[in-house]
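Okay, here's what each chain looks like letter by letter:
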Amino acid sequence: MLGKLLKLHILLFLVLVSSTGYTADTDPSHTREYQVKAAFIYNFAKFIEWPRDAFPHDSSSISLCILGGNPFGTAIYSIDGKIVEGKTINVNLYDSLEEIGTCHILFISNSMAEEIPAILERLGNRCILTVGDTDHFAESGGIINFIEQDNKIRFEINVNAAQRARLKISSKLANLAKIVRETPKESN
Amino acid sequence: MQLFRGLSINRKITAIIMFISGIVLVLSFAAIITTDLILYRSSMIKNLSTLADIIGTNSTAALIFNDPDAAEEILEALSVEQNIVQANIYTTKGRLFASYHKGGSPERSAFHNPFADASGTDPDAKEEGYSFDKSHLSLYKRIVLDNEHIGTVQLHSTLNEYYYRMELYMVIGAVIMLASILLAFLLSSRLQHVISEPILNLAHTMNLISKEKRYSLRAEKHSDDELGSLIDGFNEMLSLIQARDEELEKHSDHLENLVRIRTSELSMINEELKETVLELQQARKAAEQAQKMEAIGTLAGGVAHDLNNILAGLVGYPQLLLMEIPEDSPLRRPIMTMQKSGEKAAAVVQDLLTLARRGVSVKEVVNLNDIVYEYLKSHECATLKKYHPDVHIEADLDHNLMHIVGSPVHLSKTLMNLVSNAAEAMPDGGNITVKLGNCHIQEPIQGYDTIIEGDYVVLSVSDTGVGISREDKDKIFEPFYTKKVMGRSGTGLGMAVVLGAVQDHSGYITVQSVEGEGTVFTLYFPATRQELSKDTSLISIQEYTGNGETILIVDDVEEQRATATAMLRRLGYKAVSVPNGEEAIEYVKNNKVDLLVLDMIMDPGIDGLETYKRISEFKPGQKAIIASGFTETNLVKQAQSLGVGTYVKKPYLLESIGIAVKTELKRDEGTTAPA
Numbered sequence: 397m398l399g400k401l402l403k404l405h406i407l408l409f410l411v412l413v414s415s416t417g418y419t420a421d422t423d424p425s426h427t428r429e430y431q432v433k434a435a436f437i438y439n440f441a442k443f444i445e446w447p448r449d450a451f452p453h454d455s456s457s458i459s460l461c462i463l464g465g466n467p468f469g470t471a472i473y474s475i476d477g478k479i480v481e482g483k484t485i486n487v488n489l490y491d492s493l494e495e496i497g498t499c500h501i502l503f504i505s506n507s508m509a510e511e512i513p514a515i516l517e518r519l520g521n522r523c524i525l526t527v528g529d530t531d532h533f534a535e536s537g538g539i540i541n542f543i544e545q546d547n548k549i550r551f552e553i554n555v556n557a558a559q560r561a562r563l564k565i566s567s568k569l570a571n572l573a574k575i576v577r578e579t580p581k582e583s584n
Numbered sequence: 006m007q008l009f010r011g012l013s014i015n016r017k018i019t020a021i022i023m024f025i026s027g028i029v030l031v032l033s034f035a036a037i038i039t040t041d042l043i044l045y046r047s048s049m050i051k052n053l054s055t056l057a058d059i060i061g062t063n064s065t066a067a068l069i070f071n072d073p074d075a076a077e078e079i080l081e082a083l084s085v086e087q088n089i090v091q092a093n094i095y096t097t098k099g100r101l102f103a104s105y106h107k108g109g110s111p112e113r114s115a116f117h118n119p120f121a122d123a124s125g126t127d128p129d130a131k132e133e134g135y136s137f138d139k140s141h142l143s144l145y146k147r148i149v150l151d152n153e154h155i156g157t158v159q160l161h162s163t164l165n166e167y168y169y170r171m172e173l174y175m176v177i178g179a180v181i182m183l184a185s186i187l188l189a190f191l192l193s194s195r196l197q198h199v200i201s202e203p204i205l206n207l208a209h210t211m212n213l214i215s216k217e218k219r220y221s222l223r224a225e226k227h228s229d230d231e232l233g234s235l236i237d238g239f240n241e242m243l244s245l246i247q248a249r250d251e252e253l254e255k256h257s258d259h260l261e262n263l264v265r266i267r268t269s270e271l272s273m274i275n276e277e278l279k280e281t282v283l284e285l286q287q288a289r290k291a292a293e294q295a296q297k298m299e300a301i302g303t304l305a306g307g308v309a310h311d312l313n314n315i316l317a318g319l320v321g322y323p324q325l326l327l328m329e330i331p332e333d334s335p336l337r338r339p340i341m342t343m344q345k346s347g348e349k350a351a352a353v354v355q356d357l358l359t360l361a362r363r364g365v366s367v368k369e370v371v372n373l374n375d376i377v378y379e380y381l382k383s384h385e386c387a388t389l390k391k392y393h394p395d396v397h398i399e400a401d402l403d404h405n406l407m408h409i410v411g412s413p414v415h416l417s418k419t420l421m422n423l424v425s426n427a428a429e430a431m432p433d434g435g436n437i438t439v440k441l442g443n444c445h446i447q448e449p450i451q452g453y454d455t456i457i458e459g460d461y462v463v464l465s466v467s468d469t470g471v472g473i474s475r476e477d478k479d480k481i482f483e484p485f486y487t488k489k490v491m492g493r494s495g496t497g498l499g500m501a502v503v504l505g506a507v508q509d510h511s512g513y514i515t516v517q518s519v520e521g522e523g524t525v526f527t528l529y530f531p532a533t534r535q536e537l538s539k540d541t542s543l544i545s546i547q548e549y550t551g552n553g554e555t556i557l558i559v560d561d562v563e564e565q566r567a568t569a570t571a572m573l574r575r576l577g578y579k580a581v582s583v584p585n586g587e588e589a590i591e592y593v594k595n596n597k598v599d600l601l602v603l604d605m606i607m608d609p610g611i612d613g614l615e616t617y618k619r620i621s622e623f624k625p626g627q628k629a630i631i632a633s634g635f636t637e638t639n640l641v642k643q644a645q646s647l648g649v650g651t652y653v654k655k656p657y658l659l660e661s662i663g664i665a666v667k668t669e670l671k672r673d674e675g676t677t678a679p680a
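Residue numbers (the numbering used here), protein chains in the order written: chain A, 397 to 584; chain B, 6 to 680.
Take the hints with a grain of salt, since some may be wrong.
What the simulated footprint calls covered on chain A by chain B, stretch by stretch (three residues with Cβ under 8 angstroms from a Cβ of chain B suffice, anywhere in the stretch; the number is not a length) [what the hints assert, rightly or not]:
hint, region
1, 438-447
2, 563-575
If you want the ones that stay clear, here's a sample from chain B, every Cβ over 10 angstroms from chain A, calculated [unchecked claim]:
hint, residue
3, R10
4, L30
5, V90
6, L205
7, E241
Please keep in mind that the hints were generated in silico from the structure rather than gathered at the bench.
Everything numeric in this text was worked out from a predicted model, so none of it was measured.
By construction, the Cβ of each residue, glycine as well, lies at the ideal position given by its N, Cα and C atoms.
Throw the hints in and build the complete structure from the sequences for me.
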């Protein structure tokens with residue numbers, strides 16, 4: 397009961413934050429930005445369908461992996477334990493790709509911008525929703541990338557990448573996103 | 006309603022059918038429209054709700070990812086829906102997130118949300134539901150994602166279609182209604198004949214019957230339903246009425262006949278009644294007359310009886326005196342006058358007695374020829390002619406005339422009175438005709454209701470005088486009624502005597518008179534087949550003188566005795582007189598008496614009849630005659646049955662007593678006086 401109330405409050409907060417549309421220039425705004433992004437990540441889970449084999453038979457959790465430092469701060473924990481389609485979100489922080497076990501959503505922090513193409517390549521066609529907030533992330537083979545547009549946080553989606561990862565992205569989500577194509581050199 | 010009552014039945018039927026079909030139509034339409042509109046409303050709500058669901062589901066991502074533009078884009082899809090005029094998406098807090106307005110996208114700030122307050126929030130946004138206002142349907146629908154309420158969709162739909170539908174219904178309804186009513190009118194006005202025509206026919210027939218009273222008319226029957234039986238009943242009723250009418254007519258005819266018969270019976274009875282009344286009146290008059298006569302008769306009889314006794318001396322003594330004195334005596338004339346006066350007085354008394362109908366005793370067979378003949382030769386007739394020199398008397402006798410039974414004296418007096426009256430009726434002269442004849446009477450004659458059929462001798466005395474007025478006709482037979490100059494002739498008893506005589510002879514008398522032309526008296530006497538009796542009227546004084554026979558006069562009045570004694574002695578008889586019956590009996594016992602002259606009534610002592618009876622006991626066959634001025638018919642008859650002879654009326658006259666005595670004395674000898 398207590399947890400539920402807490403959850404509601406967080407949600408309300410998130411919605412408020414997301415609707416006000418703060419910029420990420422300043423420190424507090426940076427925090428708010430990542431708060432919104434954390435909420436977005438949580439919400440992406442609602443509009444994306446993983447193939448069945450992505451979850452072990454008894455698995456009832458969605459694993460959210462943060463790679464290369466935590467830009468969200470404590471905000472990321474606000475979505476830890478939240479339930480999407482009957483599955484609990486588990487947040488795990490990793491420093492290197494090798495540490496990562498089962499993972500459904502992989503946020504690649506922009507601190508690892510140099511390694512992103514390699515990482516994506518390494519991941520190959522695994523059923524992982526890759527999320528980043530680095531420029532050209534999507535063009536590089538990432539599935540969803542946060543971008544800033546008119547002082548608002550928006551996102552772009554690489555549909556090909558999603559298809560390769562056998563993820564079904566809801567058209568509703570797609571309608572909100574900027575659809576990007578992979579660059580030819582990048583797609584190699 | 007009053008209007009509806011005045012309508013004719015076919016109009017009524019049409020009106021009822023149209024009214025009913027109209028009501029049914031209206032109700033059906035109302036039901037259909039109501040049901041349809043209710044269904045339409047609920048389908049509208051359902052559609053709107055579905056639409057809201059679609060919008061909500063589609064806008065979840067936009068809501069979650071705070072992308073109002075995307076949401077509005079989604080809402081823009083509603084433009085295909087004509088009815089949606091406005092759509093809003095609210096956040097869970099009720100803040101307006103995205104909106105759509107039909108016919109262009111107005112400024113968000115200028116957007117008019119009737120449900121939103123100044124801050125752009127809608128307090129109802131958190132609740133689901135719908136509401137109708139005048140022209141809109143508003144619907145709120147929650148947007149749920151993964152069991153989480155993330156916002157609310159609000160849709161505004163106009164009710165234009167709803168109203169249009171309603172209007173359409175109205176128009177269609179009105180058209181169908183009109184068409185139906187028209188059709189109903191046409192059909193009912195054609196079909197109502199089935200019901201109304203027989204009724205109208207019936208009504209028409211009824212009118213005809215009541216107007217023309219022709220109960221032979223019949224209503225036509227077209228069907229076998231209740232109307233048919235109504236017409237049957239009506240016709241049956243008519244037959245009954247007709248039959249009753251005929252019967253009534255019969256009855257009334259019968260009644261009329263009955264009334265006619267009854268009326269004629271009644272009028273007959275009425276006639277009879279009138280006749281009866283008339284008869285009664287006549288009878289009463291006659292009774293009154295008879296009573297009057299009776300009273301006068303009684304009076305006159307009493308007076309006459311006393312006068313008779315007094316007159317005996319006045320008549321008798323002059324006669325005796327005349328016999329005694331010499332022919333040339335100067336006294337002779339006055340004495341004769343005295344005698345005449347006495348005789349006249351005696352005649353008056355006799356009239357009175359006749360009137361009283363007590364003087365009639367003589368019933369002998371007479372022939373009126375003789376009476377008339379003797380009268381015309383008589384002294385009285387001569388006197389009459391002397392008084393009336395211009396009056397000429399004619400007699401028309403009939404030699405085949407039948408005899409009658411009666412009193413010659415009375416008949417003669419009757420004739421005399423009639424002729425005398427006739428002469429009096431002709432002061433300027435004229436003719437008196439005395440006519441005799443036989444006739445047979447069967448029919449009642451004038452003035453008499455009943456009459457005894459038989460042969461009659463008719464005596465008529467007619468004159469050419471002044472006549473008798475109608476008023477006087479009834480009075481002429483009353484005693485003391487006279488138109489003559491008093492003192493000159495009549496006693497006032499003349500016609501009364503005539504009537505009395507006629508009645509005494511069982512005869513009839515009629516009077517026919519025309520004023521100024523004359524009068525006819527017609528007298529009818531019953532005829533008889535008997536032979537004429539011997540005529541004693543012509544005996545001369547020499548022939549009734551006696552030969553010294555003893556005559557006993559029995560009379561209680563001294564004057565009578567004296568007169569009678571004197572007369573009989575003068576006639577040569579030995580006359581003796583006694584004042585009563587007892588002395589008479591004594592005298593007859595001791596002396597031989599040839600004849601008794603018996604007064605009938607003597608006071609005091611025994612009467613004449615008793616006297617004769619006692620004398621007859623010791624001396625049967627004693628001859629006697631009765632002398633009386635006052636005839637007790639019964640006594641006279643009894644006496645005559647015992648052997649008494651004739652009857653002499655008083656006062657005594659020499660001739661009459663002489664003849665009576667002589668006749669009685671000669672009776673046994675069988676001789677008659679020489680004619």
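To see whether the hints hold, each was checked on the structure:
no. : hint    : verdict
1   : 438-447 : holds (count 3)
2   : 563-575 : holds (count 5)
3   : R10     : holds, 77 angstroms
4   : L30     : holds, 53 angstroms
5   : V90     : holds, 25 angstroms
6   : L205    : holds, 82 angstroms
7   : E241    : holds, 94 angstroms
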